[in-house]
Each structure stands twice: as C-alpha cells, then as structure tokens.
Amino acid sequence: MPTPPFLLTTAQMRRLSPHFPLSHGIARVDDRRVLSGIIYVIRNGLQWRDAPAAYGPHKTLYNRFVRWSRMGVFDRIFAALSAEGGPPERLMIDSTHLKAHRTAASLLKRGLFPRCIGRTKGGLNSKLHAACDGQGRPVVLLLTEGQASDHRGAALMLQRLPPARELIGDRGYDSGRFRADLSARGIAPCIPSTRSRKQPIPHDAVLYRQRHRIEIMFGRLKDWRRIAMRYDRCAHTFFSAITLAATVIFWLGQ
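Position one of the sequence shown corresponds to residue 436 (the numbering used here), numbered consecutively onward.
Treat the hints as calculated values from the structure; they're not laboratory data. Hints are supplied without guarantee of correctness; some may be wrong.
[What the hints assert, rightly or not] In silico lysine to aspartate or glutamate, EDC-like type, Cα no more than 20 Å apart, as pairs: (1) Lys657 - Glu580; (2) Lys494 - Glu519; (3) Lys534 - Glu650; (4) Lys633 - Asp658; (5) Lys556 - Glu601; (6) Lys534 - Glu580; (7) Lys534 - Asp639; (8) Lys556 - Glu580; (9) Lys657 - Asp510; (10) Lys534 - Asp465; (11) Lys494 - Glu524.
Could you build all of it, start to finish, from the sequences and the hints given here?
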C-alpha cells in the first residue's frame, strides 16, 4: 500500500489513543491510518469517496467518523487536550458564521436533535461560538443556528468557561446580565459599551487590542474546507469536524 499523503506522528497518537473507545471482538483497522484519513478529508474538503486509496476504503473512514461522532469521541478529545494546560489567565469570546451547503440544508428537520442550521441575510448557515485563551487557542466551542445572538451563545457557554482573570469580548457581548455573571465568577469583563448605553462602562483599550487573536483562530479553522463550508447534514458530525480541526491545529502539537 502506498504511503498516505498525511500521517499523524507516533507522539501525536500517544496523546490521542487514551481517549479512543475500546475495541470489542474483532480488532479495529489501524487507528493511525484511519484517523489520518479522516483529518485529510476534512482539511481538504473532499467527498469521502475521493479520499486517497492509501488510507484504505473510504467507507471505513466515513463509518469510523460517524460512529465516533455519535459517541462524542472527538468532543472528549478536544476537551481533554485543551484542559491539559490548566486554567488560562485570560479568555476571549466571539462567534462566526459558517455557510451551509445545499447538501447540508436539504435534510428535513426530524427527530429530537436540532440541525443547528438557521437563516440570516447571508442565507442558510450555522454559527460557531468560541472562547479561547490568551494565546488564541480555543477552550470552549458551541454550535447554534445562524440567527442565534451572541448573548444566547455566551449564556450557553458561561458555565463551561474555565476560571480566568479577565475576558475580552466585542460590543455584541455588552449586557448587564453577562457582565454580572462574569463578575460573580471572579472574571473581569473587558467589553466596550454599546452606543445605545446611556452611561458607557469604561474598558481597558490596550488589553482589548489582544482580541485579534480569536479572529485569527477562526481564520485558521476556516482554512479547513469542510469547516468553512458545512457539508454535513447532522450537527453532531459537523461539530465533531470542528473539534477535531481545533484539536489538530491548536492542541495536538508535533
């Protein structure tokens, strides 16, 4: 079999393998080769059938990705690796829209689980909410419908935020409730006041300049083509692709 164009290193697999589910009965196909193939497909925006033959049957890649997505394996890997460094000193929060391809939007809304696809002026899309540390590495991720407000995303992520000294956010997060919730957790908000606020609340303008790091983080995630354009119909598979990309880019190392 030819050498695949991309392979996870042995050191990277040592960090990932403790979070893999146990194999029952017949031994699984080589985890390193299959997981590398999944990453290659997501990063390059390929259809599963177009995966290089060096990774093995494309059905194996697809089935492994879907099965582990349903089990929450990729979400747990991201959570575990992002927590290894301990609580960050600084947090940043923001959100971005991810356009939904027609293949993702064609599924009728059925069942208990939402698709996380909404409609905005830009068309059908999903919204990725994120909190990252002072170095611009994501620590909390959340997927919602495209029309969900920043306030709703912040409220849903609040209890999952790690302890920190301060949090930087743009005007979209300027609400009395969010500021009070942050202060109750000992986190100082660095958020500019909205223009409609009668009494503006001062913020550290020098510290606020660091917010570009989370914008860079979104840009790096969108370099992966299946993240920038949502092809996955089910929200759990698309979110697994996002957490897998975040893990490889920011937390896996070499």
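Right, here's what the structure says about each hint:
1. Of the supplied pair hints, the one linking Lys657 and Glu580 holds, its CA atoms being roughly 18 Å apart against a limit of 20 Å.
2. For the given pair, Lys494 sits about 33 Å from Glu519 by alpha-carbon distance, which is inconsistent with the 20 Å threshold.
3. For the proposed pair Lys534 and Glu650, the alpha carbon gap of about 17 Å is at most 20 Å, so the pair holds.
4. Under the criterion of a C-alpha separation no larger than 20 Å, the hint pairing Lys633 with Asp658 is inconsistent with the structure, at around 40 Å.
5. About 33 Å separates the Cα atoms of Lys556 and Glu601, which puts this hinted pair outside 20 Å; it is violated.
6. This hinted pair checks out: Lys534 and Glu580 have alpha carbons roughly 11 Å apart, not beyond 20 Å.
7. Using a Cα cut-off of 20 Å, the hinted pair Lys534 and Asp639 is violated, with the two alpha carbons roughly 34 Å apart.
8. As the CA atoms of Lys556 and Glu580 are separated by approximately 13 Å, the hinted pair is consistent with the 20 Å bound.
9. Restraint check for Lys657 and Asp510: satisfied, since their Cα atoms lie roughly 18 Å apart, inside the 20 Å limit.
10. With a CA separation close to 33 Å, the supplied pair Lys534 and Asp465 exceeds the 20 Å bound.
11. Distance restraint check for Lys494 and Glu524: the Cα-Cα separation of roughly 43 Å exceeds the 20 Å cut-off, and the hinted pair is therefore not satisfied.
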